[in-house]
Structures are given as C-alpha cells and as structure tokens.
Amino acid sequence: MQTQTDNHRWMLRPDVVSTVLNDGAVILDLRSKFFFSANLTGWAIAQMFETGATRAEIHTASRQWGANGADTQAIDGVIDQMISEGLVEPANAPASAVAGVAVAAWIPPALTKHREPLQRIMVSAFDPGLPLAE
Amino acid sequence: MISATAAPARFEAAYSCGPVRLVLTFDDRSLRDALHGLLSQYDAPWSAPATIVHVTVGNGTAPRETAKPAGTYLRLHRLSVDWNGSRLLSLGNIGVWMEFDPAASRARIAVPVHPDTPALVEEIEQQFVLLLARSWAQEGWTPLHAGSLVLPGETRCVLLCAPSGAGKTTFIAALLRRGWHTLGDDKILLRMEGSEVVARALARRFHLHPSSSRWFPEAGDLDIWPRYSRWTDKRVVQIEKVWPGRLLDRAVPAAAVQLERSENGPALLIEPLDPINTLNTLLRQVAIPGDAGHARPLVACIAATAVRLPAALIKIGQDAFADPSTAERLDAELRRLLP
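Protein chains in written order, with the working numbering: chain X, 1 to 134; chain W, 1001 to 1339.
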C-alpha cells in the first residue's frame, strides 16, 4: 500500500474540522462524529493535508522537522490511519500547494481516535444528550 | 361588518433571548400563547443591543418544490435539518417546517393541521430552539448545555456537565444553600473575549423535581410551580424566589465537573479527569452541526475552554443529599478543583 500511494495526493475532507490545543490539536469528523487528538507532529502532518500532500512530501517535510529513519513507521502509521479513517480523500489539486508547516521540536507523531463518537442524533439543538429516566 | 377582503388577523409577540431578540407574528393566537412558556424562559438580562430576528408562524406545510431535509446538518429526535449554503431547512416528524435565513435574520415556520396539538407545539418549540442556537452562534456564542456554580465572592465558575436528569439542578441547589452563586442549571453561552473564555447566563429559572423539596425545605411546595413539559414532573422555578441574590449574569469558567448518577455506588465518588476527557465531556454538551463552517467556531471555543480547566468526574449516589455532609464534601472538592 505504501509504495502504491507514495505519490497519491490526499486532502482533508471538507467536513473534517480541526482546532489547535496546547500540545497538538483535536480533529473532528463531522460525518462519523468521531474525534481524534493529535500530538504536535501528528497535527503538523494533518496540516499538510489541509492543502493536499503526498506520502513522499510528508516524509520529506518530517525529515526537515527532525525525523530520522526510526520514525518512518510512526509517520506512515499516522498517514495510514488518516486514510483508513476516511479523514482524507484523494485530491485532484496539482502539486506545489503543500502548506508551509513548522515544527519546533520533533517527537514521533501520534493520532489517537476516541472510543465513543459524539451524538449522531440529538434531543435538541441545545441539548445533545439523551435525558436519563427520573 | 368584516370585509371579505380583509387581511386575516395577526398576533404579535416579542422576546429577548440573550443576545437575540425575536419579533414574532402568528396566524394563530393559541400558538402564540402556547409558545410563551418556552420563549419567556431566556430572561437573563443582556445590556448589549440585541440582534433582531423576525419570525412568522403560520398555517401551512413545507413547500412542494423543496427537497425533504435529510438531517445532514443536524439530526434531532423531532427534526431533520439541512443547510443549503444560505438557509437552514428543517422538517419535523409531524410536518412542522422552518426555513431560516440567518443573513437576513428572517425565518418562517409553517404549521400543518394535526390532531395532536401538544406534539405540534413541541415541534414548533424545537424549531425555535434550533433558530436560537444558530442565531446565538452567529453572534459568536457557543450554546453549552451545562449548569454552573460560581465561587462565593468571585467571578470564577465551575461548569457542571451531565445529561438531563443526572442531577445538575440538585447539585447546584445544594451549593446555593452554602453561599455559592450560579448562572443557571442547564443553559449557558460561552465566548472567547480576548484571551479569556466568558460564560453568560440565559435563563433565571431552574427545573426542579418536586421531590427535591425534601432536601431543600426552603423551596417550599414545588408542586405549585408550572410543569416544565408533559414528559417530566420537573417544575419551572424562579431561582431568585427561592434563593435570593444567588443569580449572576456572567462568570469565567475555571473548572469543569462531569456529573454522573450512581444507582448502587457510594454516596460520593470523585476522580480527576484528564484534558482529553474534559474535552470529550464538554463536546458532548454542544450540538455540533454537520456544516464545517458552522462547526469550526463551536469546536474551537470548546477546545479553548477545555484546555484551561482542571476537571473531575463526580458520581453521586441515590439520595446522597439526605446527608448534609454530601454538600459539605462537594463544596470542599469544588474549592480544591479551582486553581
């Protein structure tokens, strides 16, 4: 899979929203209602997908951020997870649109999926949760 | 004598609902009266000028040429809601239709003929809650289904998160008796103001079960207050009538509690919550729509709130408030939680 998709360009789906936290970001898939937390380097990888990126471009950027050969598996793991979870979709955009993402200190990237999705069916537009029996 | 060409009677009403003012025109006087209970509840004072949204509520059905909403924006128990890029289109299970254009601040609610009038009114109420939630968000506010407790003499508050029926109101009432203040028991608005997250009150009423007067005798006979809805025995109680001087309009969230009811466990169980579970807890109290443009600011506000707050999971056993030491322990725990 890795070699086949090295040069395939992927982009975050338009209904995936992300927001920065102190030490990474939270990524919410509005379609599945699952959310993910990314550490700083996982977030940097996700940011590259905002404008579209290939696996090869992410590996190149990761080396510039401080990754070495030992990090290849962790980087591929995050990319594979984003593809398998459907957070990214094939992009038709041409190359050269890769975001200029900076990473202050390299750590192995991580993307953690939270066990329970947010509510898919809600009680009201102000009260998402099911009421408990009195 | 009434002319055959005379315009049908219209019935008007207006309500201030936090930062939004609704100006309403009804075809049907009984509908205007039936909605008063819902629309008068957002009565916390707001000094800032309100955005005005004009709503007509008339007899009718969804326009034939409009596709039935699939619920891609929000799927609620009673409503399926889509966003077409400029308007919210919302259809209820028994056919109440709403089209809301936030940019024009105008909405139209069409009410079909249906034999179940209470169900019809509930569906219209849900359309109004949807309209208000979107209007508040348009104004930069994130509607959060949570109660709050404000430290005595301060403006810092604890956000209290739990589903309806888990005991938020009882928890809050137990601490109001110990000098704490509140912004309300289940509805607040959050917004980033500079580097600070601010919480504002929306309603000056509690939803209290009549049986809770056994723990709070000062509340008197709660059965005399109006019923909240036909699905619950809870009563709509004006907080200031029972606990005068305990309502505030604004506070700064400084801690969060995820509250759970424990049927068979100990009276009180308290565990720390890590930041990710704090975020999880808060996100579950916000109706996040399927449109990325609308969802993004809500998620950003909740994330910015969650990262600042120390939090705890508190499980409260059945009848725990019969023991006065429960409130004492909760008081001490919340003070410890606040940085």
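Any given hint could turn out to be false.
Stated by the list, open to error - Rough simulated footprint, nothing fancy, chain W against chain X, three-plus residues with beta-carbon under 8 Å:
1) 30–38
2) 61–72
To be verified - Distance windows between CB atoms, simulated:
3) X/T72 / W/P1266: 46 to 56 Å
4) X/P14 / W/P1324: 46 to 56 Å
5) W/G1265 / X/P90: 24 to 34 Å
6) X/D23 / W/G1140: 44 to 54 Å
7) W/G1194 / X/P90: 40 to 50 Å
8) W/E1328 / X/D80: 51 to 61 Å
9) X/T72 / W/A1103: 43 to 53 Å
10) X/P117 / W/V1307: 48 to 58 Å
Think of the hints as simulated: they come from the structure by calculation, not from any bench. Backbone N, C-alpha and C fix where the C-beta goes; we use that ideal spot for every residue, glycine too.
Inset, instruction - State the violated hints by number, sorted upward, taking the hints as numbered earlier in the document. - result: Hint check: 2, 5, 6, 10 fail, others pass.
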